[in-house]
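As given, the protein sequences belong to chains H and Z, one line each in that order. Heads up: the first sequence begins at 1056 in this note's numbering, then just goes up one per residue. Heads up: the second sequence begins at 381 in this note's numbering, then just goes up one per residue.
Accuracy of the hints is not assured; some may be wrong.
Subject to a maximum C-alpha distance of 25 angstroms in a straight line, what follows is the list of computed SDA-like cross-link-like pairs (lysine to any residue) [claimed, not checked]: (1) H:Lys-1186 - Z:Asp-572; (2) Z:Lys-542 - H:Gly-1246; (3) Z:Lys-756 - H:Ile-1279; (4) Z:Lys-756 - H:Lys-1185; (5) Z:Lys-571 - H:Glu-1154; (6) Z:Lys-756 - H:Met-1239; (7) Z:Lys-495 - H:Arg-1191; (8) Z:Lys-494 - H:His-1162; (9) H:Lys-1185 - Z:Lys-542; (10) Z:Lys-571 - H:Asp-1160; (11) Z:Lys-756 - H:Asn-1235; (12) Z:Lys-571 - H:Ala-1457; (13) Z:Lys-467 - Z:Ile-692; (14) Z:Lys-571 - H:Arg-1159.
Read the hints as simulated data drawn from the structure, not as lab findings.
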Amino acid sequence: MAAIFQGVGAAAALPSSPSYSFDSNKSVFSPRRSFSVRKGASFAVVRSDGTVNLNPKDRRAQLLISNAVATKADSAAASSSSKPGHELLLFEALLEGLEEEMERDPHVCVMGEDVGHYGGSYKVTKGLAKKFGDLRVLDTPIAENSFTGMGIGAAMTGLRPVVEGMNMGFLLLAFNQISNNCGMLHYTSGGQFTIPIVIRGPGGVGRQLGAEHSQRLESYFQSIPGIQMVACSTPYNAKGLMKAAIRSENPVILFEHVLLYNLKERIPDEDYICNLEEAEMVRPGEHVTILTYSRMRYHVMQAAKTLVNKGYDPEVIDIRSLKPFDLFTIGNSVKKTHRVLIVEECMRTGGIGASLTAAITENFNDYLDAPIMCLSSQDVPTPYAGTLEEVTVVQPAQIVTAVEQLCQ
Amino acid sequence: MALSHLASSSPSRSANLLKPLSSAISLRRPISTDTTPITVETSVPFTAHQCEAPSRTVQTNAKELATFFRDMVVMRRMEIAADSLYKAKLIRGFCHLYDGQEAVAVGMEAALTKKDCIITSYRDHCTFVARGGTLLEVFAELMGRQAGCSKGKGGSMHFYKKDSNFYGGHGIVGAQVPLGCGLAFAQKYCKDEAVTFALYGDGAANQGQLFEALNISALWDLPAILVCENNHYGMGTAEWRAAKSPAYYKRGDYAPGLKVDGMDALAVKQACAFAKEHALKNGPIILEMDTYRYHGHSMSDPGSTYRTRDEITGVRQERDPIERIRKLILSHDLSTDKELKDIEKEVRKEVDDAIAQAKENPVPEPSELFSDVYAKGLGVESFGADRKEVRATLA
Chain H
1056 MAAIFQGVGA AAALPSSPSY SFDSNKSVFS PRRSFSVRKG ASFAVVRSDG TVNLNPKDRR
1116 AQLLISNAVA TKADSAAASS SSKPGHELLL FEALLEGLEE EMERDPHVCV MGEDVGHYGG
1176 SYKVTKGLAK KFGDLRVLDT PIAENSFTGM GIGAAMTGLR PVVEGMNMGF LLLAFNQISN
1236 NCGMLHYTSG GQFTIPIVIR GPGGVGRQLG AEHSQRLESY FQSIPGIQMV ACSTPYNAKG
1296 LMKAAIRSEN PVILFEHVLL YNLKERIPDE DYICNLEEAE MVRPGEHVTI LTYSRMRYHV
1356 MQAAKTLVNK GYDPEVIDIR SLKPFDLFTI GNSVKKTHRV LIVEECMRTG GIGASLTAAI
1416 TENFNDYLDA PIMCLSSQDV PTPYAGTLEE VTVVQPAQIV TAVEQLCQ
Chain Z
381 MALSHLASSS PSRSANLLKP LSSAISLRRP ISTDTTPITV ETSVPFTAHQ CEAPSRTVQT
441 NAKELATFFR DMVVMRRMEI AADSLYKAKL IRGFCHLYDG QEAVAVGMEA ALTKKDCIIT
501 SYRDHCTFVA RGGTLLEVFA ELMGRQAGCS KGKGGSMHFY KKDSNFYGGH GIVGAQVPLG
561 CGLAFAQKYC KDEAVTFALY GDGAANQGQL FEALNISALW DLPAILVCEN NHYGMGTAEW
621 RAAKSPAYYK RGDYAPGLKV DGMDALAVKQ ACAFAKEHAL KNGPIILEMD TYRYHGHSMS
681 DPGSTYRTRD EITGVRQERD PIERIRKLIL SHDLSTDKEL KDIEKEVRKE VDDAIAQAKE
741 NPVPEPSELF SDVYAKGLGV ESFGADRKEV RATLA
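Work out the full structure: start from the sequences and follow the hints.
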């Protein structure tokens, strides 16, 4: 049963960011998982298969949306009857999540270049230095290798640093620290040390930023054992993932995207987190599974509009968890649609799409009616010229063509 | 100190009866409990950079000297035993031995508490033992057995002991120095009033991340002490071929430095105590320990292609750390030669027993391959990729 959305739900706020190439209706498709929570007490968690784990003492759980998939009209009504929430931009959502965690736990500190007095080059840490002081929001010199190492060393003692790479590409200088110390210390010490560090920063192809500032590091870090990688794409999951990453005992790398910082969305007022290992069902469908993450989600949703007009019913999943993959959600989708298209911003060679293709083929080969298609960026350094840069990444028209090809 | 046992007093009494009357009349107390202060001068004075050198005169006592002697003998014996085990193919991979450098580990430990952190690179067996590790943990880890300090999954280069703030054990040289500055940052953050000693070698002293970390530590006033264990050779490359300026204690530039005779345990102790006091008040300081390793860089390096055997035997005769303490003990009449030899025999047996125990120990279970990759209990109601296993619930 295809459910097609056009402006459902008064609660869904429409973002107004005309400079981006995605459709302003996109927020309609993001499912609401409202958690009603007493601060500091146990959560009620809604899983994407619809079952709910309720805290029997919490009466407000009655108002919980029992089906997190936004197919039914009454779910929109339910979400509008809960607290209205507040509207903010993605970078503000990250800031809110970070600030709440810093208030909650004095062990959380932030270090990075220009995060303190300057407020962060993308304003994700704006105002924190004034609020929490110089010892908790630390301006570092330009020394990624050592301040990442220092963050890891501090994490070994129990502190929870959030290390910011001003651009993800700069973290290549800290690769040794991230791979050998961050990922492996828990194992090589026989479990003695945990490294509850969060490494975050913006990456991805921006607007003519040049080759060295348009890197996608998720493909380089994906084989490091012992780390978790997540990519945020909406203000809702940005705040949720930031909080979950800080609370996690494992090292988490949170990939943000340079072009997504000004997305606007209405998010709940209550305390909530997003599960680090779960994928997000953006738009349920029947004909083909489209797996994507970060900025490409918006290109996919734009293509989805065209596809729907042409009569196709794509199921769009934002995988969010880049390591480990949420094979449960992905698998259920593959079993339903039997066709998979992966749309990613990584390069063709050795990217997240390549690993995901292998993982799906290994686990769900019997359910596939056609070979998996993977649309990735070209294997080239990102050129400066705008026209060339556009061709480097996957565009909605290519996604439409790919789906038509797959569904023949 | 975890390693010192009381030397039994009965042999000394029987020895007294056989000795000439003069020494019998001296009525020595058993060496290992005597705490009357003894003043000793270090072998050479300290050389300072941007600070006032501490005095050459060190206060010690018989108990401390006995502890030094015994601990260093244990370390020496342990490393030599590891050499034999490696040649017998019970230890594989890389094995970097510390014999010759024992005074640094022992002297440093005497100046610190267990609240202070130590982090070093791969030549970590003796530092681990100085921090309270047992011989069984060492040999079991070297042989890859379950009783090892890292459950057999780390190996020679990855010894850690969290409860005594020993942070390893790192294979990539230089990377431990930023980690060490991070430990110092955490100590300042939590107001611990403790310091971190980040050890590295003359080879790693040329790593850029060292200077980055030193810069940040000096900016943020962190209680970090960077200790260069200068054994003059970075594997096969002599220090003058690797560093334009081999005065490692001066290379901190704006950070003060001290050059110490690393073969003299008392000098090391004095310098470390001085450095701790300095770092708590004024931020980072660099210590250069002038020391020497008898073995090659690792077991696969004979150690004689880039230096002469005469040089090695020369150092062993003139500067050996154990011999220095032995001479000190004998010249102050704190013990007899025979007693010291008895201690050595006892240690040898202890090491052999530990090896035998480690050999009996089983190898890790196959399921251990997958344990400790991630910390369980992530704090949310979360599942594994197949949704069959509930990991934890948030509370």
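Now the hints, each set against the structure:
At most 25 angstroms may separate the alpha-carbon atoms for a hinted pair to count; H:Lys-1186 and Z:Asp-572 meet this at roughly 23 angstroms. Pair hint Z:Lys-542 plus H:Gly-1246 holds up; C-alpha atoms about 10 angstroms apart against a cutoff of 25 angstroms. Restraint check for Z:Lys-756 and H:Ile-1279: satisfied, since their Cα atoms lie roughly 18 angstroms apart, inside the 25 angstroms limit. Taking the CA atoms of Z:Lys-756 and H:Lys-1185, the gap is near 35 angstroms; set against the 25 angstroms cutoff, the hint is violated.
A threshold of 25 angstroms between alpha carbons decides the hint, and for Z:Lys-571 with H:Glu-1154 the separation of about 23 angstroms falls inside it, so the pair holds. A threshold of 25 angstroms between alpha carbons decides the hint, and for Z:Lys-756 with H:Met-1239 the separation of about 15 angstroms falls inside it, so the pair holds. For a cut-off of 25 angstroms, the pair hint linking Z:Lys-495 to H:Arg-1191 stands: about 22 angstroms separates their Cα positions. For the hint linking Z:Lys-494 to H:His-1162, the alpha-carbon distance of about 22 angstroms falls within 25 angstroms, and the restraint holds.
Between H:Lys-1185 and Z:Lys-542 the alpha-carbon distance is near 35 angstroms, which puts this suggested pair outside the 25 angstroms criterion. The hinted pair formed by Z:Lys-571 and H:Asp-1160 meets the criterion: a straight-line CA distance of about 16 angstroms does not exceed 25 angstroms. A threshold of 25 angstroms between alpha carbons decides the hint, and for Z:Lys-756 with H:Asn-1235 the separation of about 20 angstroms falls inside it, so the pair holds. Only pairs whose Cα atoms come within 25 angstroms are accepted, and Z:Lys-571 paired with H:Ala-1457 is rejected, the gap being roughly 59 angstroms.
Proximity of Z:Lys-467 to Z:Ile-692 is assessed by CA-CA distance (about 21 angstroms); at most 25 angstroms being required, the pair is judged to hold. With a C-alpha separation of about 19 angstroms, the suggested pairing of Z:Lys-571 with H:Arg-1159 holds against the 25 angstroms cut-off.
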